[in-house]
Amino acid sequence: MATEPLRIPEQIALRADVVSTLVDEGAVLLDLQTKYFYSVNRSGASILLLLEGGASRSQVLDTCARWGMPANDCEAVDGFLSVLASEDLVEETGFSASDDTLTLEGPWASPTIEKQREPLQRIMASAFDPSLPLAE
Amino acid sequence: MEFGSFCCGPVAVDLAAPSPALCDKVAETLNLYTVVWKSLSCRVRISVAWSDQPAPMLTGTYLTCGRMHVDRVEGRVSASCRSGAFLTSDAERVTWTLSVPQESHSGETVPEDVEDLVGLVLVTAWRDLNTVALHAGSISRNGTCALLCATSGGGKTTLTASLIRRGWQTLGDDKLLLAVDGHGVSRLSALIHNFNLHPRTEMWFPEIGDISRLPRYSAWTEKRKVRIEAIWPGAAAFEGVPTHVLAIERSNAISDIRVAPMPKEEVLPTLLRQTVVPKDRHHAAQIMKALAATARSVRGLRVTVGQEVYRHPDRLEALEEVLH
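Taken in order, these protein sequences are the chains called P and A.
Numbered by this note's numbering, the letters in the first sequence go through residues 2 to 137 in order.
Numbered by this note's numbering, the letters in the second sequence go through residues -8 to 315 in order.
Derived from the structure by calculation, the hints contain no laboratory data.
On a predicted model such as this, the values are computed, not experimentally measured, just so you know.
A virtual CB, placed ideally from N, CA and C, is assigned to each residue, including glycine.
Here are the simulated DMTMM-like pairs of lysine to aspartate or glutamate, each with C-alpha atoms no more than 25 Å apart in a straight line:
#: 1; chain 1: A; residue 1: K255; chain 2: P; residue 2: E106
#: 2; chain 1: A; residue 1: K280; chain 2: P; residue 2: E92
#: 3; chain 1: A; residue 1: K280; chain 2: A; residue 2: E257
#: 4; chain 1: P; residue 1: K36; chain 2: A; residue 2: D271
#: 5; chain 1: A; residue 1: K280; chain 2: P; residue 2: D18
#: 6; chain 1: A; residue 1: K270; chain 2: P; residue 2: E119
Label-pair ranges, simulated between beta-carbon atoms:
#: 7; chain 1: A; residue 1: V85; chain 2: P; residue 2: A66; range: 49 to 59 Å
#: 8; chain 1: A; residue 1: N121; chain 2: P; residue 2: P10; range: 35 to 45 Å
#: 9; chain 1: A; residue 1: G51; chain 2: P; residue 2: K116; range: 21 to 31 Å
With the sequences and hints as input, model every part of the structure.
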C-alpha cells in the first residue's frame, strides 16, 4: 500500500461498491470491483461509519478528537485517510452527513487498515462455487 | 411438453420443457439436491425453450463466472453462457425462462453450461430467503459442528469421508446453506447427501467398491457421486450450529495431520472464500453480515493434511482432540 500521503479531496465518502461489515475487532471492507478486502480496527471502523454519509477531513478530525484522539494522533488519522484514498476506497462527494451521535466503542487507538494479500476470486466457477477447481 | 417438480432445499422448482432432452438436462442439476426439507419456503418456475439464435454474452455486471455472465437490473436477473444459452427472470425472480440455442439441438445435445444457469436460479432463490450458499463441507458430533473450507479439489471430501468412518456425521461435502436467526445464531442446513469422490480415493475407502463405475458428478470433473447413507448408514445429518471453521490444505511435506489455531481476524476471510459474493452492494452486505455473525461464534483452525494420513486414519485423532 502507498506510504506517501495523497491529496485527499475536501469531502469524501466510501465508494458505492465498497462494503463494510462490523466485526468484533473493528470492521472488514470489501471492494466489490477488485475483490480485495481490508481489516480495520475499531477506531478505523468508526471513521468508516462517518464516511458512509460523507465527511470532510476537518469533520473527521473533530469527531476523532471528540472520541478521545490526542492532538498528536492527527497524523495517524491523515495516514488512514490517505490509504483509503490511495486504495481507491473513497471518492469525492458533495454530501456531508454530519452525525454528532456517532460514538467509538472502547478507548481511542490510532486507526489501522490492513489489506489482505490475496483477493477473493474475481471470476467464479459458478453461482455456487467461488473457486476454480484445482487441477485433478 | 415435459413437466417436473423438484425440491431443492427450501425452494420448490416447477419445470416445463418441450422435450425430454431439455427436461432431463435441467432435472439432472435439480436432482442433485437430495435432502428433503421439512417445509418449503418458496416456489419458482423454470420454462425451457429452444431459441433460434445463440444469445450474446452479457457484461456480467452482477456476477462473472468462468462460463456464465450475470446482469441484474431492478430485480430482474439475466444470464448468458458461452454456448449461447440464456436465462432471464421476472422482477420477482419467481418465473424464469431458459433459452437453449437451436443449433445445439442437433442430436438432442444440450450444452453442459446450462447447469450453471440452473444453479443460478437456485442460488438466487436461496439468497432471496436470506440464506447464504456455502461451498464447504461439514462434520458434526456431540454438539461440535465444523465447517470444512478449501478450494475445489482441496481435500474437503476425503477428510469428511475419513471422519465419517470414525463415527462423525456430515451435512455434506460441497454445498450447504447458512442462515442467521433473529438472535444472531448461525445455522447450517444440508442440501445434498451425496459425496463427490475422485476414483483415486478408492484405496482409502474400500467399502465403496469401484468408484469409477458410479455416475459422474458433472462433465467437467472425474469425481463420482456417492450416496452417503448407502455406504455409511446414519452418517447423514440435516442441520447444525457451527462451532469451528477449518481451513484445510494438503501437504506432501508431512505424513501426519497438523492443527494450529487460526487468528480470529482470519475466520471471516476464510468463510468469504467459500461463497460467491456478487458485485451488488446490498447482496454483498447481506452475505458479509451473515458470515461475520458466524465468524464471531466459531473457533478457527488451520489444518494441514499429510499424504499418509488416510493410510493411517488413527492420525486423525490429533484433529478430533482439538474439536472436542
